[in-house]
Structure formats: structure tokens, C-alpha cells
Amino acid sequence: MNLKLRALTKSLWVFHAATSPCNNCDIEILDALTPRHDIERFGMVLAGSVRHADVLLVTGVPNYKTKERLKKLYSQAPKPCLVAAIGNCACGRIMFKDSYNSPCPVDEIVPVDVYISGCPPKPEAIIAGVVKLINKVTSSAKGT
Amino acid sequence: MSHKIVIPIGPYHPLQEEPEFFRLYVDGEKVVDIDIVIGYMHRGIEELSEHNHFDQVPFLVERICGICSHSHPNAYVLAVEDILGGERNVVPERALYIRTIIDEMQRIHSHLLWLGLAGHFIGYNTVWMWAWRYREPILDMFEMITGNRQHYAMCKVGGVRRDIRPQDIPILRKALDELVPVIDMFKGAVMDDPVIQARLKGIGILNRQQAIDWCAVGPTARAAGLDIDVRRDEPYGVTDRLKWNVIIEKDGDIFAKTKVRILELYESINMIRQCLDKLPEGPIDADIKDIPPGEGIGRVEAPRGECFHYVRADGTNRPIRHKIRAPSYMNVASNKVAAVGGTISDAAITLAAVDPCYCCTERTAVLEKGSEKKIMNGFDLIKLSQEKTEKIRNNKDNRD
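Going down the list, the sequences are from chains Y and A.
At position 130 of the first sequence (counting the first as 1) the number is 129 in numbering that gives the first Met the number 0, and the numbers step up by one without a gap.
At position 283 of the second sequence (counting the first as 1) the number is 282 in numbering that gives the first Met the number 0, and the numbers step up by one without a gap.
Excised from the complex, chain A in its bound form:
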């Protein structure tokens, strides 16, 4: 390869909702390499979390991401309840059911949102408009149950914040019933459309071995034939008491990813219906007062994949360490194999196919001062650290 041309996408690009930067190295039409530059969305949430008390942190981690804004607080409270002795031992039955209902409703809203955006990326704006229109009834249900269209603030340590009122249940059931024919329509419109098939089949392939190598999670991994789902492998809420299937596809291309997400919508609707059938009476909050010292983890299957939170408590009212790993962190990196080898025109949909969520991902930032651009690797960081120690040591010697 003699001469590589670089095509920059971003940070502010009409393609993307969020600022992120892709550097596509192309040879003619073909993408030969890709650089992913993120860090535009870093807000220091892990550090802020260590300065808030245990009941404030759910509101903070909710604002990690607006699309999966139930998964993060849910994973956080699971981690804290892990310190207290496990979710099942602490949280009342009714709260477990309510958590699962909100979790699955969020999955419906997130998958419809992705479907719309994917339609927009391949120039199929009708799918965008339809998907977002039929997403609105779900947001109305959220508003009815939780009081807000997004950012539901339902999770708290030891239970949920709000109950589902008995008069809301028939309205929710009706909304779900009306959603089924809509998803049937999408299934027909997306899966049987020859143009969409031509655009999505065999594009952006991430095969099974690559999915394992790049630690893909969620629908991205399930589309590549990996049988992983936290809801089944490590049940939280009441996911193990319901009848549902893990959707798996073999191909690993974008069409398979779309198919997994559309079919998961049916499973989510099915799960919410079962939860509403079984919803027990009782309290919704265990009224936890103190968090003992210890450490705990929480894993939740967010719409994009496994969301992981780690919390360490030292007996005070604040977490002393809070580590977050969002699903997009792994999935975005898998673009490196999925997008390379395709054409530039397919790069847009390939980069979007993992349902990237950069505000979830960004937990560290590296700054570039002035024109002096520097990419630091591990050795550089170690060297910096050693230099700092050296400096402190010298200062100390001078004082002595």
C-alpha cells in the first residue's frame, strides 16, 4: 500500500448524535484501517460518585446514558445489595417484578430507537420516522408509571422508588398489545425488503471467533452466535421465573444484528406480560439504613449488552470506589474488525450497528495541549509516574 487516504468522521458529524471521531484509512473505496478517538463525553462520573452518598448515586449513574437509564442504576443497586447479602435476600418481591418490567420496557424503547437510527443511516428515513413514532406510546407508559419520559429514577438501594398503580396495568397491557402488530410490520418491512437485505447482508461481519476475541457483548455477540445473556446466566430481578428465549443468530453481519434486536422486542413484550400476570402485592422498599463495609458487583443485561458495576464500601455513607464498565466499551472496539474490509459507504451503518453509546463508554480522558499531540501508551504512563516520584523525591531531599 503506497498511499493511504484518511477520511475523518466527526467529532460533529451529521451522521452521529454524539461527538466521537473516527479516522478511516481508505485505499480507493475500501476501508483498510480505522482509528477510534473517543473522550468527548467524559464527565468524571466514577469520581463524582465517590463524593455522593449511596442514595444519591442512582441519580448520578442514571445520567451516564439516557438510553439505558435503567440499566446503570439497576447494576449499581445490585452491587450495593451484593454487599448487603444479595438482591433476593434484601429486596421485596414486588420491587423485583417492577424492576424487571421497567428493564424490559427500556429494552423495547432502546431497540426501537436503534432500528430507527439504523434506517436513517442507510437512507431509509421512513423506517426512522415509523420506529420513533411507535416508540412514543412506550415513552408515554414510562411517563405514566415513573413520572418522566426518560431518566426513570425507579431504582433505589433496597427496592424501587415508585409503585405501579393497579389502574395503570390495563393501560400498559393495551399499549403492549398495540405494539405487537407494529413489530410484525417492522419485521416484514425490514426483513423482507430486498433493498435492506442487499445493504445489510454480508456487511460488517463479526464472526464468532472475532466476537470472542474482542469481548463483544449483548446483541452484537448474540448475532455472532455467542450464547450469552446476563438475564439467563446470572438472573437478576425475576428474569429466571419467566419463560423467554435468548435470541441467537449465526451470521454476525448487520442483518443478523437487526434480526436479533427485532426478535428481542417480542421476548421483552412477553416478559412484561408475564410480570404483570404474576405481580404480587406487598411493600416495594426494604428501607435500608446502613451499608456495611465490603465490596459487591452488579451485572445487568442492558439493551447493548452486559453492564457491570463494582462498588466498595467502608462503612461510611459513601462508596469509596465505584467502577463502571458499559457494554459499548467492548462493542465499539469490535468495529476495528467489523468495519475494516468494507467500503466507505458501508462504514456508517457498520459503525452504528453495534448500537454505540459513547456517553456510557467514556470513563477516562486524555487531553491534547496546544498543537503538541501525543498518544500515550502504558510505558509512557509508567515513565510519567516514575518521573513524578523522582520529582517529589528531589523536592523532599531539597527540604531536608
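Here chain Y stands alone, though its shape is the one from the complex:
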């Protein structure tokens, strides 16, 4: 594993992009940062700008307005940028798939690395998902 990847997986900075969610997934992301779960002990920090972030946490079902913004956010993020789709809306649009204002799921806009389902996923599930993300990155690096 090269140094860059090693440093990346030791401290993932996350940025959460809310693409019209109901807020619950965002609250659970923030909840994972607060003392009960405290993912900051694993080096994960909520970054203020996407330009500083390693992971894009996407919540909600994108609509016509946030679809363009999400594309722009992904293009602004430094690569490699990992993307986690958090919540059932981001994973598969659930009950909003028939809505006139939901053009496509998240994974048709940006490449998604890990899907964390749940409505909303518990903070434990979010932590487990990020751990899987780290394992995926490190194992793929070993393979090459």
C-alpha cells in the first residue's frame, strides 16, 4: 500500500451533500460525530468544503435542482474521492421514484462506492459502512 492511500484511510474527511433528503440521514451523520458514537476518534472529520474532503456522503433523492449541484460537487472534490450513498432514498429512491421531481438515483450521477441502507441508517450502520469502504479501498490497492 502506498503512502498516499495509507494516509487516506487513516483519516477520512467527510463532506455531506444533502440532495433533498428528509434531514434524518444528515442528523444521523452528525450524530455519529457527537459523543455517543464519536467517529472523530477514527480520524473522521466533517470537512467544511468539498475541496478538503475525501468522502462524499450523499443523502436523499436528487431532484432537478440538486442533480446539477451534486455533479459540480463531485467534480470539485480532489480525487480519489469516495462516495457513500446514505439512506434508502440515496440507495434506491424508495417511495419517491414516481415523483415528477426525481430524475434519477444517485448512482447515475456520481459513481457510488458504498451503499448504506436504512431509513435512516443508525449511526452504527454508518460507521460499519465507512469501515467497509476503507476495507474496499485497501483490498483493491493490495490486488493491484
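Incorrect hints may have been included.
[Claimed, not checked] Straight-line C-alpha distance at most 27 Å; calculated DSS-like pairs for lysine-lysine:
1) Y:78 x Y:131
2) Y:135 x Y:70
3) A:186 x A:242
4) A:173 x Y:121
5) Y:71 x Y:3
6) A:322 x Y:96
[Said to hold, decoys possible] Far from chain A, by Cβ distances over 12 Å, these chain Y residues were calculated:
7) 4
8) 7
9) 80
10) 107
11) 126
12) 132
13) 135
14) 137
15) 140
Hints listed in this document are in silico derivations from the structure and should not be mistaken for laboratory results.
Where a beta carbon is used, it is the ideal one built from N, C-alpha and C, also for glycine.
Model the placement of chain A on the given structure of chain Y, informed by the hints.
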């Protein structure tokens, strides 16, 4: 004013949880005008609701907002029960009590959440961490009673979906007892702190007349001295059978809004305790089969203010019209007077002080295609509509 500088906040800004866009026009340090651009959270829920049957809609409207995810289904079922002849005539006693318990628990969780975020906005991260830590036991109680930390899915037409088991009641009481010293601590830490007082007192004032003019609701209005609370004015659940006070402050600044919310926590705890004392035995669901034609309204005091639902039924199993008005819709607009006149550094907390919830608010969307930006007013919309009629008419003439 010769030259106005615009400071954009959003749509994705570290300050905010949700995408929304504020355009602050500033003159030096002073905010002279503000534009609020929303529409990033629109999902077409009203329209989707017309394609689901009456028992599916509570799950849908619950997902309007994750923070007040009991208020919306509650207002919706009140509206449907209004068609059936009123909540009190349809719903069993025990279900009324359970609805009130969940409603007040949700208020505790929402106010603690806001308190934490407000602390974060003024750079007081300790308050954020504390408030969110002490919010966790309430979420555990939710998980124990309803099965989920958020999105409780308790309301259904004619009752509630799940009962509160007898063995859960002592655990809930214990959690509430442990919460009281915590709120005492917050009251001391927030209200007696000179720094917080300096940051919040006299900032973002919305006075009584402005609150009336901008139709403010909920804690925003009560902090400005308006004596309104749906729980008292139009009781639902069992709120009229309990002893509690409507908290009112005079000043209308952010400090008053904070004070109203902290003091409301005590009232909510008090109300849940009384409900648990009086909780009667009996069924929890009236087993409603058909919804007759008619129309009904439901009003609920959500943590942010009055939440209003209107439902029209035509005898089929789907609502033919479902109108939602969320409390933030009015409160966000009141920022126009509250934030103007303050400084840029106070704008963050002022915009957050109404406890905005944009996913509640957004019921319509206007799209901007390409670079052609257009703001449409009522006359433009009428003109568009007339043009469309004209077009259809011409096509018809051609066919003839």
C-alpha cells in the same frame, strides 16, 4: 447606497445541514437586504400523496421532515379523522394518550437538537456536543417504544400502530427524570453565560407587530409575545386534559427564542409524565375501513409551530387533494426583517434562530434552464397560462 456587495451563503455551506441559498446584500458589515432562494428539497410529496391510499400516506408525509416526523402524520390523520367526524369521536382513548406522549417526546428531541445547532452556529461547540449527547437517551426511548430512532410510524387513521408496553413505562419515566437535571444545566449554561447573552440579546429582533405581519408561528411567535399555541387553542390528542403552560417571552430576540425552547422542554416532560399517570387501558386502533367523501383539516403544534394539513376524499381509497403547510414556511420568510439591520457575523445565528426546516417547507419548485435565469411573478404565470390556452386553441382550430 451606491454599491451593494452580495455575500452568497449556500447551497452547500458548512453552516447548513440542508441545501438552501441566501443572498446577503451588505453595506460594510451591515446586512441591508436578504434574498432567500429555496427549492433544493422539493420532492413532490403532495402529488405523490394523491397516488397512495389513505394508509400509505402517513409513511410518506413522515418523510417530509425527519425532525418533526410525528407532527406531519399526526396532522394528516387528524385531517382524515375530521372527515370521519372528529378525532375524539373516532380514536380510542389510549391512542390519544400515546399520540400526545410521542408528540411531546419529539418536541424534546427537536428542541435539544436546535439548542445544539445554535451552540454550534455561535462557535460554542461544547453546547452542541452536550445537547446531542443528552438527546440520545430520548432517541433510545423512541427506539424502545416505536422501533426506530427517527421516523416513528406511530400514527394511522383511527389510532396508533404500536402500543406502549407496561414494562416500558418505568424506563421512560427514569429517562425523563434523568433529563431534568440536564435541562437545568443547560438553563444555567445558556442563560447565565455572559458570552452567550452578549451574542444573542438584542440580535435578530422580530417584534410583536412584525411577527403578526409575517405570520410567524410556534416558538418564533411566542418569543415575540404572541400568545398562540395549537395545543391550547385547538386541542388534539389529550393536550386539553393536562396541566401545562404556554411559554411566552416579550423581547423577540434570539435569546428569547432560546429561552422559550428551553422552558418548553420542562413543559413537555411534565406533559409526558401526566400522560403516563393517566394512560387508560383499552384498544389502540378503531379499525377504520372506509373514508367517506368530504374534506377535513388537521392542525398540530409541531416543534417549529403550526403544521397544517388539508385532505379531500371522494369516497375512493386515495385522497384526491392533500395540501400541506409546514411551520417553517412562514418562519423562514420572517428572516427578511429579523436579519436585515444586523451584522454579517450575526446573520448565521439569526437565520438559524427560527429553527428552519427546508424539507418541510418546499412544496413548489421553479427551474432555471441553462443560463436563462428568470424569476416569475404572478403576472408572468398568468401570462404563461394564457399563452398555453391560446396554443391549445390554435391547435384545435387547425385540426378543425
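Do the hints match the structure? See the list:
no. : hint          : verdict
1   : Y:78 x Y:131  : 19 Å, holds
2   : Y:135 x Y:70  : 23 Å, holds
3   : A:186 x A:242 : 22 Å, holds
4   : A:173 x Y:121 : 24 Å, holds
5   : Y:71 x Y:3    : 25 Å, holds
6   : A:322 x Y:96  : 20 Å, holds
7   : 4             : 27 Å, holds
8   : 7             : 21 Å, holds
9   : 80            : 15 Å, holds
10  : 107           : 17 Å, holds
11  : 126           : 14 Å, holds
12  : 132           : 21 Å, holds
13  : 135           : 26 Å, holds
14  : 137           : 29 Å, holds
15  : 140           : 30 Å, holds
Consistency with the previously given hints is maintained throughout, with no hint failing.
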